[in-house]
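Just so you know, we're using full-length UniProt numbering here: the sequence shown kicks off at 1 and counts up by one.
Be a bit skeptical, because a hint or two may be false.
[Claimed, not checked] Derived DSS-like pairs: lysine-lysine, alpha-carbon spacing no greater than 30 Å straight-line: (1) LYS39 <-> LYS248; (2) LYS287 <-> LYS248; (3) LYS17 <-> LYS240; (4) LYS340 <-> LYS166; (5) LYS191 <-> LYS166; (6) LYS346 <-> LYS292; (7) LYS136 <-> LYS346; (8) LYS254 <-> LYS287; (9) LYS136 <-> LYS120; (10) LYS146 <-> LYS287.
No lab work stands behind these hints: they were computed from the structure.
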Amino acid sequence: MNEVREKQSNYRPLSSKKALQKTMGRYYALTNYHRYWGKIFRRPLAWVTSGAPVELLRAFNIHSAYPEQYAAIYSARNATVALCEVSEAAGYSQDLCSYARSNIGGVLRPDLAPLGGMPKPNLLVACNNICGTVLKWYEVLARHFKVPLLVLDTPFLPHEFTAQAKAYVLEQLISMANDLEKITGCPFDEKKLAAEMKRSREITSLWIETRQYCQNSPSPLNAPDLFINMAPIVVLRGSKAGIEYYRKLRDEVKQRAALAQGAIEDERIRLVWDNIAIWPQLFSFYKMFSEKGACFITDTYSGGWAVEHAPGTPMESLAATYTEIFLNRSPKYRANQLIKLIEDYKANGFVMHSNRSCKPYSLVQEVIRKEVMRETGVPGLMIEADMADPRAYAEEPVRNRVQAFLETFL
1 MNEVREKQSN
11 YRPLSSKKAL
21 QKTMGRYYAL
31 TNYHRYWGKI
41 FRRPLAWVTS
51 GAPVELLRAF
61 NIHSAYPEQY
71 AAIYSARNAT
81 VALCEVSEAA
91 GYSQDLCSYA
101 RSNIGGVLRP
111 DLAPLGGMPK
121 PNLLVACNNI
131 CGTVLKWYEV
141 LARHFKVPLL
151 VLDTPFLPHE
161 FTAQAKAYVL
171 EQLISMANDL
181 EKITGCPFDE
191 KKLAAEMKRS
201 REITSLWIET
211 RQYCQNSPSP
221 LNAPDLFINM
231 APIVVLRGSK
241 AGIEYYRKLR
251 DEVKQRAALA
261 QGAIEDERIR
271 LVWDNIAIWP
281 QLFSFYKMFS
291 EKGACFITDT
301 YSGGWAVEHA
311 PGTPMESLAA
321 TYTEIFLNRS
331 PKYRANQLIK
341 LIEDYKANGF
351 VMHSNRSCKP
361 YSLVQEVIRK
371 EVMRETGVPG
381 LMIEADMADP
391 RAYAEEPVRN
401 RVQAFLETFL
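All chains should be modelled from the sequences, with the hints used to inform the complete structure.
Structure representation (structure tokens):
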């Protein structure tokens, strides 16, 4: 995500950008060269979904890599179409998630993938709290690489997190720990997991605090800042490197807020974003808004990692925290979440990305949009695109809808 270059002349760049590049560069170097050091230090490589309980893997000294993260990089580097065409030629429908298609394309043709693709995993870990596609996607990968696949099944929460749901997920986490003991040859150490959870909570707290400064007017950050700077909390949860980076980012954003320095010049319209970023058009898309004085002061996507860990033992906290992820909740819950963001951040409107690839995120958006507009009285725009595949993005219709939407604020 941090691979995207800033292309806006009226955009205020972050000084912490270099620290982000260094932090993520080291992570990608360690990941891509895992074959050279993994066996020496007895650290298996796991490919994991972004909603998987990575703290448990870290407690077993497992290094994690994220196909979704790499897929965003593929898109930012304009490689998605070629990789998707490879997977589509192999029989995978264009209606499937573009992250999955580009990842599978990179597996089949690593020579077409930025960074040389992803290194071969020793195991796979998937959690269906973000979507069901990951289950079949990771089954494909497990058959291809002939490696173990561990799955955490989190029940959908139509209402609150029940004791039964907690017990169901907790039992699976205990079973997963047993499987990891067999795979790694290392015993489960609850104290080590507690230490990982402590660092993960600190990173989360720093990310929450950083985002909250955007309640100031003008907002010190815009959506592209949030999307790019969420990378470490996705891949480095529980790490000292992640904590160090977010302290730097927090301090810079805090200073911006104190000095009333906005992310864009002359902020006049405050908006909330819903859904995953449109990676191929990240800065060009948001430029249509920023050049009119519209700033995306917060969003639901990067906010998915701005949730405090649930109380309890380390395992109980993992069970609750990873089951209660907002994409695993009802449309009513998500509508209330968006309403609260609009109220807390004093937003004038919101924009929803109807994401062709992410069905769980997108299918109920129209229901949510109508309820949010009714409850808040602010306008909401729906944009149709795809998070990674540029073939689903139509420049002129999108521009026309954005211009018409922004005219409502004049």
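Structure-based check of each hint:
Note on LYS39 and LYS248: the hinted pairing is violated, with a Cα-Cα distance of about 33 Å set against a maximum of 30 Å. Simply put, LYS287 and LYS248 have alpha-carbon atoms about 26 Å apart, close enough for the 30 Å limit, and the pair holds. Taken as a hint, the LYS17 and LYS240 pair is honoured in the structure, with Cα atoms around 18 Å apart against an allowance of 30 Å. Proximity of LYS340 to LYS166 is assessed by CA-CA distance (about 26 Å); at most 30 Å being required, the pair is judged to hold.
Proposed proximity of LYS191 and LYS166 is supported: the alpha carbons are some 21 Å apart, at most 30 Å. At roughly 18 Å between alpha-carbon atoms, LYS346 and LYS292 fall within 30 Å of each other, so this suggested pair holds. With a C-alpha separation of about 41 Å, the suggested pairing of LYS136 with LYS346 is violated against the 30 Å cut-off. A distance of roughly 24 Å separates the Cα atoms of LYS254 and LYS287; the hinted pair therefore holds under the 30 Å criterion.
This hinted pair checks out: LYS136 and LYS120 have alpha carbons roughly 18 Å apart, not beyond 30 Å. Of the supplied pair hints, the one linking LYS146 and LYS287 is violated, its CA atoms being roughly 45 Å apart against a limit of 30 Å.
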